[in-house]
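My request is simple: use the sequences and hints to build the entire structure.
Counting from 1, position 48 in the sequence shown corresponds to residue 47 in numbering that gives the first Met the number 0; the numbering is continuous, with no gaps.
Hints were generated in silico from the structure; no laboratory data involved.
Backbone N, C-alpha and C fix where the C-beta goes; we use that ideal spot for every residue, glycine too.
Everything hinted at is true.
Below, in silico cross-link-like pairs of lysine-lysine (DSSO-like), each with a Cα-Cα straight-line distance of 30 angstroms or less:
hint, residue 1, residue 2
1, 84, 19
2, 19, 73
3, 84, 74
Quick list of simulated restraints, FRET-style, between CB atoms:
hint, residue 1, residue 2, range
4, 31, 86, 16 to 22 angstroms
5, 63, 86, 22 to 28 angstroms
6, 36, 2, 17 to 23 angstroms
7, 69, 20, 28 to 34 angstroms
8, 28, 79, 16 to 22 angstroms
9, 5, 82, 24 to 30 angstroms
10, 49, 27, 21 to 27 angstroms
11, 19, 71, 30 to 36 angstroms
12, 33, 66, 19 to 25 angstroms
13, 12, 70, 29 to 35 angstroms
14, 70, 8, 18 to 24 angstroms
15, 11, 36, 19 to 25 angstroms
16, 1, 74, 30 to 36 angstroms
17, 74, 24, 30 to 36 angstroms
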Amino acid sequence: MSEALSSIRNIGPAMEAAFKNAGIENADALRDLGADEGYRRLLASGHRPHFIAYYVIVMGLQGRPWNDCQGQEKKDLRKRFDAIKASIVPNQNGYDAEMERALDRLGVVKRKKAKG
0 MSEALSSIRN IGPAMEAAFK NAGIENADAL RDLGADEGYR RLLASGHRPH FIAYYVIVMG
60 LQGRPWNDCQ GQEKKDLRKR FDAIKASIVP NQNGYDAEME RALDRLGVVK RKKAKG
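Shown next, in the form of structure tokens:
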């Protein structure tokens, strides 16, 4: 029997559920796909892009803590993350890579509602 996705370091219940939603059912399947293809499938299934989530997966597949990602390695992973985001076409959940890039260039961020 294959190991649960949560057996991979840094992957908890929420990420495990997201992977299953993307059709990646177990740890062996994710290891076979690798971090980049696994994350691409997450985005294609409607998961919102988030750089930290991406490098958490990369670090986890290497057996490293998520906060071990620093310096040039982190810069290189950011380039890979941006390339993965750019490769995803708009899907049924409304993610539009071109719009995301344009908003990033403009520095536009979604504002949070004030509490209270």
